[in-house]
Amino acid sequence: MISDSITNASATAAPSARDFGKKKRTNRTAKLKQSKLGLRREQWLSQVAMVNKGGKEEMDANRKPGSEKSDQRDRPVVNLDGHQRGEEDDNNSGANRHESFMESLSNSPNSILSGMNSIPNFSSSSSSGSGGSCSGNITEEEDADDDGCLDDWEAIADALAADDEKHEKENPPEFSEEHEHENIQQSACESDVAVSRKQKSNQAWRPDDELRPQGLPNLGKQRSSPVMNFHYSSVAVPSSCPICYEDLDLTDSNFLPCPCGFRLCLFCHKTICDGDGRCPGCRKPYERNTVKVETSVQGGGLTIRLARSSSMFCRS
Amino acid sequence: MIDFSRVQKELQDCDKDKDASGIRVCPKSDSLTRLTGTIPGPIGTPYEGGTFQIDITIPDGYPFEPPKMQFSTKVWHPNISSQSGAICLDVLKDQWSPALTLKTALVSIQALLSAPEPKDPQDAVVAEQYMKNYQVFVSTARYWTETFAKNSSLDEKVKRLVEMGFGDAQVRTALESSGGDENVALEKLCSG
Chain A
1 MISDSITNAS ATAAPSARDF GKKKRTNRTA KLKQSKLGLR REQWLSQVAM VNKGGKEEMD
61 ANRKPGSEKS DQRDRPVVNL DGHQRGEEDD NNSGANRHES FMESLSNSPN SILSGMNSIP
121 NFSSSSSSGS GGSCSGNITE EEDADDDGCL DDWEAIADAL AADDEKHEKE NPPEFSEEHE
181 HENIQQSACE SDVAVSRKQK SNQAWRPDDE LRPQGLPNLG KQRSSPVMNF HYSSVAVPSS
241 CPICYEDLDL TDSNFLPCPC GFRLCLFCHK TICDGDGRCP GCRKPYERNT VKVETSVQGG
301 GLTIRLARSS SMFCRS
Chain W
1 MIDFSRVQKE LQDCDKDKDA SGIRVCPKSD SLTRLTGTIP GPIGTPYEGG TFQIDITIPD
61 GYPFEPPKMQ FSTKVWHPNI SSQSGAICLD VLKDQWSPAL TLKTALVSIQ ALLSAPEPKD
121 PQDAVVAEQY MKNYQVFVST ARYWTETFAK NSSLDEKVKR LVEMGFGDAQ VRTALESSGG
181 DENVALEKLC SG
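Sequences listed follow chains A and W, in order. Residue 303 in full-length UniProt numbering sits at position 303 of the first sequence, and the numbers go up by one each step. Residue 142 in full-length UniProt numbering sits at position 142 of the second sequence, and the numbers go up by one each step.
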């Protein structure tokens, strides 16, 4: 059952990872930057812990695994686009591909196993930070130009081609269907033993470690990754009316009187309509005829649509 | 009816980052209808180093009507009356939006100080000087900043007036009766 869920997930996403490699590359630089910010913080935290243990040798020794971990972190971000497209492909003509990947997976049970091992490792990326093991690699990347950074990444990717194969299979589940998340969590629990062994060898934080910094992400935080937060913020509803500073109730927060997206409470909206009737956000006049329709029908419709789009985003 | 709770919250918000922005808003009385805003002169302009006070009156319709603002500190600027301190700024008139606040309005005024609009002047004399003789404008504006927008201590004022040849006690009396205004005191000293 566990391996099933993983094969499904990887089969849907793996073609996209290849077909859209070029597109990914162009997006990658920008998205790398975003994820690097988060990474840098984690590294700093774990580096401190590392220094305390005086594990400089380990830093060098672990550099390689560390660098592949950084790939792991970046990849889900990159896969966002690719995966959505990949789903479309599956709908159209992906059946053959699907099968071929099922085959390839079933032919190589090892890859599934290793994938299972590293999923939990990825989910608690505190451990993947693994005590500054990747710090050297990442800071180099940061210092380099964007192009250099890209080259570095590709060089690593080539050098670890075999590992990459596995990662491509293990990463997509992070952004796949909701029930697959659950499956993965299950598998995470079941392969806990393997994880803890791995973490010990990397000097990483265990999820239940007392000394584990609270700022380090866990699976729950991972799912609301920075990229997602960024997208949510664009449709976020303010908690209070920006005009009267009173809290918005449920009706108010479903009320979207202007296409510019500026929200306000119904009282303030009425006061404005009694006056010059211009939206405070964009200064364009409210469309008086449609406003009433919007409050009753369109307002609700819009909310539903927003909710739908956000849930789609979770899946993709 | 004025929305005092909003004004109150605006004052609190403004107070929170007054050190970062340099912008302050303080009530003149308990009523919260009359306030005093303070903005630092923008760096790199003739107003640099000065601290400018702005009289704020909250109208009944606030925040749906713009707050009334005018400089109480004398400023040499094409869009600010050198006589009355009236400000010609669109966001204080037809471009006001209830989403703006006292602080954002003051920030806009600060931006106006760094970017004059001589083609839409409030003070025609200043605007003409700005267009035709920019260097003179800059030095005049700087002089006005030095003279009116910098708080020098009473002793410095006394010292300057004494250097002009007036007696120390006489100068202090004149300054006291003029409310600390050096120029008014000087006029008094000259006339009396």
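Everything labelled a hint here was simulated from the structure, so no lab data went into it. Heads up, some of the hints might be wrong.
[Claimed, not checked] Label pairs and their in silico Cβ distance ranges:
{"id": "1", "chain 1": "A", "residue 1": "K270", "chain 2": "W", "residue 2": "E156", "range": "49 to 57 Å"}
{"id": "2", "chain 1": "A", "residue 1": "R41", "chain 2": "W", "residue 2": "T36", "range": "39 to 47 Å"}
{"id": "3", "chain 1": "W", "residue 1": "Q12", "chain 2": "A", "residue 2": "K270", "range": "50 to 58 Å"}
{"id": "4", "chain 1": "A", "residue 1": "C273", "chain 2": "W", "residue 2": "Q95", "range": "52 to 60 Å"}
{"id": "5", "chain 1": "W", "residue 1": "K28", "chain 2": "A", "residue 2": "C260", "range": "43 to 51 Å"}
{"id": "6", "chain 1": "W", "residue 1": "D15", "chain 2": "A", "residue 2": "P238", "range": "16 to 24 Å"}
{"id": "7", "chain 1": "A", "residue 1": "L266", "chain 2": "W", "residue 2": "S177", "range": "52 to 60 Å"}
{"id": "8", "chain 1": "W", "residue 1": "Q83", "chain 2": "A", "residue 2": "R40", "range": "43 to 51 Å"}
{"id": "9", "chain 1": "A", "residue 1": "D249", "chain 2": "W", "residue 2": "A124", "range": "49 to 57 Å"}
[What the hints assert, rightly or not] Partial list, derived from the structure: chain A residues whose beta carbon lies under 7 Å from chain W:
{"id": "10", "residue": "P238"}
{"id": "11", "residue": "L248"}
{"id": "12", "residue": "F267"}
{"id": "13", "residue": "K270"}
{"id": "14", "residue": "T271"}
{"id": "15", "residue": "G277"}
{"id": "16", "residue": "P285"}
Model, not experiment: these values are computed from the prediction. Idealized CB from N, CA, C, for every residue including glycine.
key: Structure versus earlier hints - violations, ascending order   = Numbers 3, 4, 5, 8, 10, 11, 12, 13, 15 and 16, in rising order.
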